[in-house]
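K.L.:
Residues per chain, in single letters:
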Amino acid sequence: MIELEAMVKAFQPHRGQAIVVSGRANRYWDTMSQLPQRDLSLGDPAMGGHAAFALGLALAQPKQKVIVFDSDGDLQMSLGVLAMVAEQKPSNFYHFLLDNECYATTGGQPVPNAKSIAYDVVAKGCGYPLAYAYNNLESLSVNLARILSEPGPVFVAMKIVPEITNTPIGQRTPRLKRTKDQSIADLRKELGIRE
Amino acid sequence: MTEEANLSPEIVLAEMKKNGITHVVWLPDSETNWLYLLMKAEPSLTLVAVPREGLAFSAAAGIHVGGGKPIILIQNTGMMESGDSMRGWAMGLNIPVVMMVGYRGYTRHGVNKDTAATYTERFLNAFNIQYYLVEHSSDAPRISTAFAEAEKNKRPVAILVGDEYHGFNH
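Going line by line, the protein sequences match chains A and B.
Here my numbering is used: the first residue of the first sequence is 1, the next is one more, and so on.
Here my numbering is used: the first residue of the second sequence is 1, the next is one more, and so on.
FYI, nobody ran anything at the bench for these hints, they're computed from the structure.
Bear in mind the structure is a predicted one, so any value in this text is a computation, not a measurement.
The beta carbon of each residue, even a glycine, is placed where N, CA and C say it ideally should be.
There could be a bad hint or two in this list.
[Stated by the list, open to error] Computed from the model, here is a short list of chain A residues facing chain B with C-beta under 10 Å: (1) THR31; (2) ASP44; (3) MET47; (4) ALA52; (5) LEU57; (6) LEU191.
Produce the complete structure using the sequences and hints provided.
P.N.:
Here it is in C-alpha cells:
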C-alpha cells in the first residue's frame, strides 16, 4: 500500500499546469501544491460527486489537463460515472482513485467487498481506454510521467494506507486553506473566465 | 387539444440557445424525450448523459466552474433522488443552474395518482428552490425568467414541465 502523503509528494514534479481537483487528497495536496490557483480544494460537497465534477470541468476546459483524486467510497456510490466519462472520451481527463478499502473519515469501516474489487478492470470494462493499478509507490512513481503524457481518459487505481479518523465532524479542525468560493474564484480568474 | 396547446420542443431549444447553454446534462425521461433529437442535432450543444441524476448536479457544477453554461434535464423522480448532490454541489457551491424537470404524474386539477407528482413541489419547497411550471409554448418565456433568476441568486432554479401532450391533465 502507498502512504497518501508520499503519493502526493511524488505527484508534484509531474503535475505541470494541470488543474487538480484534490478531493480526498486535499489534506496533503494543499500544503504541497505550488499552483494553488489551479487547485480546486472543495472539501466534500456531497459524497460521490468528485469525478463527475472534474469531468464537467474537463469538458468545459478541453485545452486544460484535469486531474481528480477520487476515492473508493465515492466511486462505489456513483460507479456509473465511469461509463459517463468513457462516453465523453475527454482526452484531458486523469482519474486517480485512492483505494484505502474503507470509509476512513467515519472510523474505518470497510467499503462493500473492500479487498476484492479491481477498480481498474471495472474502469476498463466501462470503456476507459487506459486503466492501471498500483499498490506500491515505486511502481507508481516511475510511471507517473508516462501516464500523464498519455491521452485521456486515463484511470489509475492506487492502494492507499487508510488514515482513519473518528472524531465527530463538528469537532474536526477544518483542513481547507481557502473557502470553496475562493478556490473557485481563483481558478476562474486563472482561466480568464469573466464573472 | 390543439397543436398550439403543446410545449414545442423547438421553442424550448430556442430558449436554451437564447440563454447561451453550452452543455445539456441529462437523463432521459418521457416528459422531455421530445427534445432529444433536436438537441443532438444542435452543434452548439454538448450532451452529457448521466446514469443517475445526482451526478447531473456535480457535473453541471464542474461545467459552470470551467466557464460553460449547463442546463440539467431530468425527471421529478430523479430530482428527488438527487437531494444531497443538489444540496452540496449546486447550492453549496453557488451554482446558477436551471433544471428542467419532467413533472411525472402532474395534473392541473391536483388530483393525481402518482406520488412522484405529490412530492415534487414539496421537495422543491423544502430546499427553498424557486420553480416555474411550463405546460404550453406560450409559457416558454418562463424559462428565460428561470435563467435570469438562477444567475441573479447563484442558485438552482427549476422548470417543471407539465406537458399536456402526455395527457396527464386529463
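K.L.:
Let's test the interface hint: is any C-beta of chain B closer than 10 Å to that of A:THR31?
P.N.:
violated (23 Å)
K.L.:
Just to be careful: measuring from the Cβ of A:LEU57 to every Cβ in chain B, is the smallest value less than 10 Å?
P.N.:
Where the cut-off is 10 Å and the nearest Cβ of chain B is about 4 Å from A:LEU57, the hint holds.
K.L.:
Quick one, is the A:MET47 hint okay against chain B at 10 Å, beta carbons?
P.N.:
Holds: closest Cβ of chain B sits about 8 Å from A:MET47, inside 10 Å.
K.L.:
Tell me if A:ALA52 is really an interface residue toward chain B, meaning its C-beta lies closer than 10 Å to one of theirs.
P.N.:
holds (4 Å)
K.L.:
Are A:LEU191 and chain B close enough, Cβ to Cβ, to be under 10 Å, as the hint says?
P.N.:
Holds, because the Cβ-Cβ distance from A:LEU191 to chain B comes to roughly 6 Å (cut-off 10 Å).
K.L.:
Under 10 Å, Cβ to Cβ, is where A:ASP44 needs to be relative to chain B, so tell me if that hint holds or is violated.
P.N.:
At about 8 Å, which falls below the 10 Å cut-off, the nearest Cβ of chain B leaves the hint on A:ASP44 intact, so it holds.
Of the numbered hints given earlier, the model fails hint 1 alone.
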